[in-house]
Amino acid sequence: MSTSNPSQTTGGGTPIIKIRNFDFAYGDAQALFDINMDINEKEVTAFIGPSGCGKSTFLRCFNRMNDLIDIARIKAGEIKISDVNIYDKNVDAIELRKHVGMVFQKSNPFPKSIYDNIAYGLRIQGVKKKSELDEVVERCLRDAALWDEVKDRLSESALGMSGGQQQRLCIARALAVRPKILLMDEPCSALDPIATAKVEELIHELKKDYTIVIVTHSMQQAARVSDRTAFFYLGKLIEYGQTDQIFMNPRDPQTEAYISGRFG
Amino acid sequence: MSVTNEQHTFTKRPSRKAAIEATISGAFRIATYIVILCAGYIFLNIAYNGSKAVFIPKAPFINIEFLTAKPQTLHVFEPKEIDTELKSAKAQIVSLRTKQRNLGSNETTAAEALGQQIAALQQEIKALDLQRKDGRLMYGDDAYRALDQEPSSELYAYSNYAYSGGGIGPAIVGTCLLVLGSIAIALSLGILCAIFLSEYSTPGPTLQLIRLSILNLSGVPSIVFGLFGFGMFVLYFDWGVSMIAGWFTLAIMALPVIIAASEESMRAIPKGFREGSLALGASKWTTIRTNVLPYALPGILTSSIMGVARVAGETAPIMFTAAYALRDQLPWQGLEQKTDFFFQGVMALPYHIYVVSSKIPQNEYTRNMQYGAAFVFLIIVGFFALSSIVLRIKIRKKYKW
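Going down the list, the sequences are from chains S and A.
Sequential numbering of the first sequence, starting at 1, is according to my numbering.
Sequential numbering of the second sequence, starting at 1, is according to my numbering.
The set of hints was computed from the structure by calculation and includes no laboratory data.
It is possible that part of the hints are untrue.
Label-pair ranges, simulated between beta-carbon atoms [to be verified]:
| # | chain 1 | residue 1 | chain 2 | residue 2 | range |
| --- | --- | --- | --- | --- | --- |
| 1 | A | Thr32 | S | Asp192 | 26 to 36 Å |
| 2 | A | Asn216 | S | Pro193 | 28 to 38 Å |
| 3 | A | Ser15 | S | Gln220 | 19 to 29 Å |
| 4 | A | Lys398 | S | Asp23 | 22 to 32 Å |
| 5 | A | Asn216 | S | Asp23 | 50 to 60 Å |
| 6 | A | Glu264 | S | Gly27 | 43 to 53 Å |
| 7 | S | Val127 | A | Ala325 | 52 to 62 Å |
| 8 | S | Gly126 | A | Thr202 | 28 to 38 Å |
| 9 | S | Gln220 | A | Val390 | 51 to 61 Å |
| 10 | S | Asp88 | A | Asn216 | 56 to 66 Å |
| 11 | S | Glu201 | A | Asn216 | 37 to 47 Å |
| 12 | S | Asn40 | A | Val390 | 55 to 65 Å |
| 13 | S | Gln245 | A | Leu192 | 30 to 40 Å |
| 14 | S | Gln220 | A | Ile24 | 30 to 40 Å |
Here are the computed lysine-lysine pairs in the PhoX-like style, where the Cα-Cα straight-line distance is at most 20 Å [as the list claims (entries may be wrong)]:
| # | chain 1 | residue 1 | chain 2 | residue 2 |
| --- | --- | --- | --- | --- |
| 15 | S | Lys80 | S | Lys198 |
| 16 | A | Lys271 | S | Lys106 |
| 17 | S | Lys151 | S | Lys198 |
| 18 | S | Lys89 | A | Lys284 |
| 19 | A | Lys90 | A | Lys80 |
| 20 | S | Lys208 | S | Lys42 |
Per the computed footprint, the stretches of chain A lying under chain S, defined by three or more beta-carbons under 8 Å from a beta-carbon of chain S, are [what the hints assert, rightly or not]:
| # | segment |
| --- | --- |
| 21 | 63 to 74 |
| 22 | 176 to 184 |
Where is the CB? At the ideal position from N, CA and C, for every residue including glycine.
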C-alpha cells in the first residue's frame, strides 16, 4: 500500500504530517505525552528543547525508527503522513522510510566509496543501470552542494572526507531515494561553524523541494533555518508556532525561560 | 653550569620500593620467557627431527615419497655378524667401565689406559654402526612382497615395524578434506546463528540462557563430542565411520567458538551503519547483508578458521567418527557411486600421529614417521592459520572505518 497521495499535497502551507494525541513510551517510562501538531509541507520545522525532552524520540517516530527498539511502543494517538496513519497495520515501514529520509546526529557514511554511498539507496531497490545511477549520484551531490568538491574522487572512500562533507554526503545519500520529508537529528552538533553554515545553507536550498524537520540544540540555528519552531519539555509539546513568534514573543513562560537561556 | 653534589628531586636513588618493582617485573619477564622457551623447544624439536623425514639432501630436497605414499610396514634386515660384533664391543665397554671404577685413586696411569681403551672401543662401535647402516636392508610392503627371495635368515636378523615405512599421503589428504568440510559446515551454521543472536533476537533472560549454553558447549571435552558424533552420526544416522560424520562432529565442536566470535564481530559494527541503511528504506536482511556482514567478515573468518584449525588437531572427535588407522586408497579412488565419497572413512594426521606414537615401538626405524607426521601436521595447521590472517588483512583493507 502506498503511503502518499500526491494529489492531496499541493503548494506550501498545507500540513503533510499530522500528529494527534500522540503518546509514546519506552517500556513503562512514558517519553511523549499527548502531542498534537501539524507540520507543513516544504517548510523547515525545528524541534528545540533541553536534552532528554523527547524531541529526538519524536523525530524517530516519523519514520518508525523506533520500531527497532524492542520496548518502544505507541500508547495512544496517531501520526498521519499524507493522510495515512503510519502506525497502521497496513503500512510497510520500509516503504515509509523511502518517503521519509533521515540524517543522523553522528554522520554515518558507509565505509564504501562516495559513489557507492549515494547509490546505495537505489541499489537496494534493485536499480542496476549505470547511467541511471550516475545521473542520480550527480544530482544528489549537486543538490547537497558537494559535487564540485568531490567530483574527481567519487571512487575514494567516503571516510576520507572531512566531517562537514561527510554529513552533507549523508544528506545527499538520503536525497537519492527521493523522499518527501527529510528528518534531521542534530545534523550539525559535531561540525565546526563553517561546516555548520554550509549545512544550514543547504537546508535553505532543500526547503524548496522537501519538507524538513530538524532537531537542534542550538537556538540560533533554529532561528536561522526554520519557519516554524516547536519547544518540547519533559516529553510535552509546550509551544509551537512561527519561529519569529516563538523567539520574539513566546507565549509560554517555560519557552521564554529556555530561549533566554535560564535553563536547559 | 655548576656541578653540585646535591641530588635533584628527580634523580634516581636506590630504595626498597625500586628493588621490589624490579623483582616483580623480573618475575613476569621470567615467566614469559619460560613459556616461550618451552614452546620453542617443542617446536624446534619436532621441526628438527621431522625435517629429517620431510627433507632430503638431493634435489628436489623435499621427500615427495613421504608426503604422497601410503603408510606401509617397514621390514628391516640387519646383518647378524655386525650385530654380534656390536654387542660384544658394548659388553667390553661395560666391563672396562666397572674395572675403572674399582681402581684406587692413586692408580691414575692405569685409569688413563682404561679410558683410552674405552675411547677406542667407542670409535669402533661408531664404525660398526655405520657398517650396519650400510649393510642393513629395509623394505616397504610393496618392495618386500616383490622380493624374489628373502635375505637368508642366517646372515640377517629380521624385524618389522607397522606404519613406519612409506609416507603419510592419505593422512594429509584426509586432514585437508576434514578441515575444509568442517569449515564449510561450521561457518554457514555459525554465521546463521550469530546473525540471529546479534541482529534478530530480543534481549532478555532467554537470550542470555542461549548464549550461556553456547559458551558452555565450548568447554565440553573433545572426547564427549567424539562420542556424541559416534552415537548421532555414525550409529543413529547410520552414516558409518565416514568423512561426513567427521565433518559434522568437528563442525559442532567448532561452532561455539565460531558463534561467539561472529556475534562479537557483528556487534562491533557501529549502529550508525545499520540505522543509515534502514533509514534509506532497506529491509533488515538487506541491511545485514550489505552493511553488517561485509564489515564483520574479516573478524568472522579469522576466528572461524582459527577455531576450526584448532579443532582439526583434535584426535578424539574423529577417532570414532571418521578416522581409519590405515587406508590404502585415496578418498577419490575406487568409488562405486559419487555419494560414496562422503561415506568413507579417511586417514587423518592427528589420529595417525596418535597411532604411530602409541602403538608402535620408539626406535630409529619408527622415529622418522613419528616426527615427520607431527611436523607436517604443524605445517598444515600453521598454513590454515596463516591463510586466515592473510584473508583478514585483505578484506580489512577493503572496508575500513
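A quick look at each hint next to the structure:
1. A/Thr32 to S/Asp192: 26 to 36 Å: Taking Cβ atoms as reference, A/Thr32 and S/Asp192 lie about 47 Å apart, which means the hint is violated.
2. A/Asn216 to S/Pro193: 28 to 38 Å: 55 Å, violated
3. A/Ser15 to S/Gln220: 19 to 29 Å: 59 Å, violated
4. A/Lys398 to S/Asp23: 22 to 32 Å: 46 Å, violated
5. A/Asn216 to S/Asp23: 50 to 60 Å: 43 Å, violated
6. A/Glu264 to S/Gly27: 43 to 53 Å: Violated - the Cβ-Cβ distance for A/Glu264 and S/Gly27, about 27 Å, lies outside 43 to 53 Å.
7. S/Val127 to A/Ala325: 52 to 62 Å: 59 Å, holds
8. S/Gly126 to A/Thr202: 28 to 38 Å: Given range 28 to 38 Å: holds, Cβ gap about 30 Å.
9. S/Gln220 to A/Val390: 51 to 61 Å: Between S/Gln220 and A/Val390, where Cβ atoms are some 53 Å apart, the hint holds.
10. S/Asp88 to A/Asn216: 56 to 66 Å: 45 Å, violated
11. S/Glu201 to A/Asn216: 37 to 47 Å: 58 Å, violated
12. S/Asn40 to A/Val390: 55 to 65 Å: 57 Å, holds
13. S/Gln245 to A/Leu192: 30 to 40 Å: 56 Å, violated
14. S/Gln220 to A/Ile24: 30 to 40 Å: 57 Å, violated
15. S/Lys80 to S/Lys198: Not OK: S/Lys80 and S/Lys198 at ~32 Å, beyond 20 Å, violated.
16. A/Lys271 to S/Lys106: 10 Å, holds
17. S/Lys151 to S/Lys198: Holds, at roughly 18 Å.
18. S/Lys89 to A/Lys284: 18 Å, holds
19. A/Lys90 to A/Lys80: 15 Å, holds
20. S/Lys208 to S/Lys42: 6 Å, holds
21. 63 to 74: violated (count 0)
22. 176 to 184: n = 0 at 8 Å, threshold three: violated.
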